[in-house]
Amino acid sequence: MSEPIAVRATPELTFRYAAGQYGSRFLEGLREGRILASRCPRCPRTLVPPRIACTHCSGRMTEIAEVSPCGTLLAWTLVAFPFLDPFTGVQRPIPYCYGMVKFDGTDNTFQYFLSEKDPTKLRVGQRVKAAFREERRGELADLLHFAPAGD
Amino acid sequence: MTGVSILGAAQTRHVGRRDDANYMELAFEVVEELLARTGWTHDRVGTVIGASSDFWDGRTISEIAIQDAAGAAGKSASKVSMDGAFALVYAAARIASGAFQTCLVVAHGKASEGNPRKIANAGFDPLYQRPLGIDDHAALGLQARAFLEGRKLSPSALAESAAQSREAAARNPNAHRRETRHVLEADPLHDDEIAPDSDGACAVLLGASTFGGVELAGFGCATDEHALGARDLGQAGVLPKAAQEAYRRAGLGPREIDVAEIHDASSAQTLLWREGLGVACPVNPSGGAMGAQPGFATGLVRVLEAYERIVRGEARTAIAHGMTGFVGQAHCVWILRRRS
Amino acid sequence: MDVAVEGRIRIPYRWPAGRAGGMFLSLLASEGRFVGSRCAPCRRVAVPPTSRCCRCHVECAETVPVGPEGTIVTWTSSPAGLFALIRLDGADSALLHRIVEASEVRTGMRVAAVFEKERKGSILDVAGFRPTGGVR
Amino acid sequence: MNVAIIGSGQTNHRSRRLDVNAPELIDEAVQAALADARLAPDGIDAIVVGNMEHFEGIHLSDLWAGEGTGAVGKPQIKVATGGTTGSSLAQAAYYLVASGFYRTVLAVGWERLSDSEGETTTGIVTAFDPIYERPTLAGAVSGLAILACQYQAKHGTKPEEAALVVVQARENAAKNPHAHLKQAVAAADVVKSPLLSSPIRYLDMCPTSDGACAVVFTSDPGDRRCAWVRGVSSRHNHTYLGDVAEGAADFIHTLQLASADAYRQAGIRDPRNDIDVVEMYEPCTWAALDWAEAMGLCGPGEAAGLWASGTARIDGGLPINPSGGVLCANPIGATGLIRVAEASMQVRGTAGACQVADVETAVATGFGGSFWNEVMIVGARKS
Chain C
1 MSEPIAVRAT PELTFRYAAG QYGSRFLEGL REGRILASRC PRCPRTLVPP RIACTHCSGR
61 MTEIAEVSPC GTLLAWTLVA FPFLDPFTGV QRPIPYCYGM VKFDGTDNTF QYFLSEKDPT
121 KLRVGQRVKA AFREERRGEL ADLLHFAPAG D
Chain W
1 MTGVSILGAA QTRHVGRRDD ANYMELAFEV VEELLARTGW THDRVGTVIG ASSDFWDGRT
61 ISEIAIQDAA GAAGKSASKV SMDGAFALVY AAARIASGAF QTCLVVAHGK ASEGNPRKIA
121 NAGFDPLYQR PLGIDDHAAL GLQARAFLEG RKLSPSALAE SAAQSREAAA RNPNAHRRET
181 RHVLEADPLH DDEIAPDSDG ACAVLLGAST FGGVELAGFG CATDEHALGA RDLGQAGVLP
241 KAAQEAYRRA GLGPREIDVA EIHDASSAQT LLWREGLGVA CPVNPSGGAM GAQPGFATGL
301 VRVLEAYERI VRGEARTAIA HGMTGFVGQA HCVWILRRRS
Chain R
1 MDVAVEGRIR IPYRWPAGRA GGMFLSLLAS EGRFVGSRCA PCRRVAVPPT SRCCRCHVEC
61 AETVPVGPEG TIVTWTSSPA GLFALIRLDG ADSALLHRIV EASEVRTGMR VAAVFEKERK
121 GSILDVAGFR PTGGVR
Chain H
1 MNVAIIGSGQ TNHRSRRLDV NAPELIDEAV QAALADARLA PDGIDAIVVG NMEHFEGIHL
61 SDLWAGEGTG AVGKPQIKVA TGGTTGSSLA QAAYYLVASG FYRTVLAVGW ERLSDSEGET
121 TTGIVTAFDP IYERPTLAGA VSGLAILACQ YQAKHGTKPE EAALVVVQAR ENAAKNPHAH
181 LKQAVAAADV VKSPLLSSPI RYLDMCPTSD GACAVVFTSD PGDRRCAWVR GVSSRHNHTY
241 LGDVAEGAAD FIHTLQLASA DAYRQAGIRD PRNDIDVVEM YEPCTWAALD WAEAMGLCGP
301 GEAAGLWASG TARIDGGLPI NPSGGVLCAN PIGATGLIRV AEASMQVRGT AGACQVADVE
361 TAVATGFGGS FWNEVMIVGA RKS
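Chains as they are written, first to last, in our numbering: chain C, 1 to 151; chain W, 1 to 340; chain R, 1 to 136; chain H, 1 to 383.
It is worth saying that the hints were derived from the structure and are not from the lab.
Cβ coordinates follow ideal geometry from the N, Cα and C atoms, glycine included.
Possibly wrong hints are sitting among the right ones.
A few chain W residues facing chain H, derived, Cβ under 10 Å [to be verified]:
id, residue
1, 125
2, 223
3, 249
Put together the whole structure using the sequences plus the hints.
What follows is the structure in structure tokens.
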């Protein structure tokens, strides 16, 4: 029997996602090769990426401060299965490795690519450093990955 | 009687494009203002209900964006994927159940980030109507013609109604200011007879009636068939049914309502929904949705406008109406009453 | 400066027409005719047919032929196209479709379906409805 | 609390249901629930419905679903919270009845993941921040892999120990007519199955299913066999995944908080002994381990022992997922509601071959969003 009747469609919805006041500052910072965080002096909290609402008190984070590009790896995964990337509509290149990194002096973690692709070489507490690309445009991709750091 | 009251409310100014704010910042704006106005703090808010659309936000589980802004992390929270007026039903139920004393309701919508007509197309019957390329404006045109011809009205009725909404919106500092042109958009509707695509947010704090505030006297909801063509679009459909439920719960009749705020996506709907509610009072002194239509926040803004009129002493009772579905496939009617 | 990031959601979908819809679309494709479903309690004929009456919530067991001509109930012309709700002869609900080959459109106009030559089981197997010259 | 579950219905969950459209799929579950509750459609006063719109690519799916849910002419509210959608529907239905607003409310959850031809991950990626998180995230799989990585690092649990969760789930699913995956697997199969996102392998992860579930909540059960709602709780989480991961200063274990709150309402002091059966939303084997501990079913690092010792079996000391759980059927918008349905069936004694003996108290959980959790407890007695 042939496949039952169905309607097929590939709607392509395009969006212009606003980075917002805090996100715009963060992306500008990346262009300059700097990692910016937002701070809540009351709690106190320093969070990357910078955002308006404090994760502790839900109040307004009032300061933007530069933090160290060095940090500690807390978790990671090697992504090895194929799936369509919603941004492109085609399969995302695999495998790739990303992790959760706590920048020194901050109170949360930041999720980004790792240069190391072999998960057996990674460990909790490992020191890593954010690497930037040479020509930066003020976008997340200015950040290449986290690479192992010697310290 | 619901045993629940509105303790405070806040809205953004509604505009065509808020490039300066992402969803978290948009929600934060209204929550911060609401707390500042009422003197409430996050730690005294029991639970949070969001209202937003994953399609309009371009984001699955769209409420994730506003969790920290609404103080929802660590609390019991949920999201209604319909107009904020429906979210208010769930929020009020959480309080009336006795489980919570207060509930923060946050609704947001940003039409500017996506393509509104294309997103609207995705909201029609996927098998038979969406492939034809129909969108919300075309559906509003079909409805407006059915309305005019069913009542033997001339198209000038639409223009007159739109002019009234425009005048009212001009007096409302939060309404969406835009250039309109009197050119046909979806015959018989002109560009200036269709509600705008707006960016904005709204927050309402509900509490048990022991906290005072403006009483939520009653509500009613009803759902209609989805397909265009299933009913006479020129009639109010299930809106009278939703309204009857609200009147019954409130113990009030339509003649006892002082002011109505209705969700009108077109100037035909301003007239049609007024008829469906059966009210004879002033309608949409804020300009209504014709003055600003920030997605799923639109109906909650109607509740806010009704609430503020009662707080200012301009009305003793008010109706606020929200809908989901471009031609009113689901309606929610709220009746607000000043405490005696 | 306000930064915005271009993004996209692009996912391929397949929506099965189901029992009632499969019958409707296959008859449209193979025989070039329309059918509706009749609800036994309320006698209402829905087009396209539904497996269950939306109003009475009982199963619709009866299939009835409708159309291929009908009457325009309401219409609009917008940037998205020229659309009408058409009550096919024998139906109670109205079908949404495009109006084609028309110099003018009015409510009450009689229209007939214009079928595509190659049909594959889609509402687009009907190119649109054209006026027949009659008025009701 | 004076709200009871008096009936439920499910489809037979499958990887593909091409023979029915969404309203027809929903209809199967709704009719089964009405029959189970001995109710005619007019016995339902309001409906709560939910699915996730981007999985089918259909906006306002609640309106389209009306033919199946029976919403026309009635109040219907759509609740959609990601993986928790089903548990959120149960909670919404509970509150709508407990408030006195409606007497009898039907909760309906559904999903047709075959509509996106298995590309569910693509939809889930869009749940997270478009600028910071979508470039790296690979949906729920990689999100849970982060949790699994941390669990493994903390407790040194081996993949073959975690695998026992799905080995047992498949055994149970073989007895459940509604389950999707029923084929027996061995731990050795699991650790050899293709790597998805380390340490999660193919057989560690839940499937994508087409299916629907409906549950009837009422304040007026009459003489019907019912399961009383004894505890309802939910704890939400932060916006960014970097705040949600363990190690962030404001990390919240939402399941721990939600269970503790629900236990308090239900008078459960010793969860290991006071609970008779658990229907846990375990999207992957590793999560089941972390969450059994969060629910206080065992001590930290001891969860693998619940499965290794047979405690979690249908005839064990604390049965976990006698239905086969999420690992054996996952129509996302229905999944959390299926947990509630299965828990209520255990209490009502209608769980057939999956029935646990003498169930007084059953716990259902839901997981979703940015790692938030919900808990509903049902019991044979009203209080």
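So, going through the hints one by one against the coordinates:
no. : hint : in the structure
1   : 125  : holds (6 Å)
2   : 223  : holds (4 Å)
3   : 249  : holds (8 Å)
In summary, the structure agrees with every hint in the numbered list given earlier.
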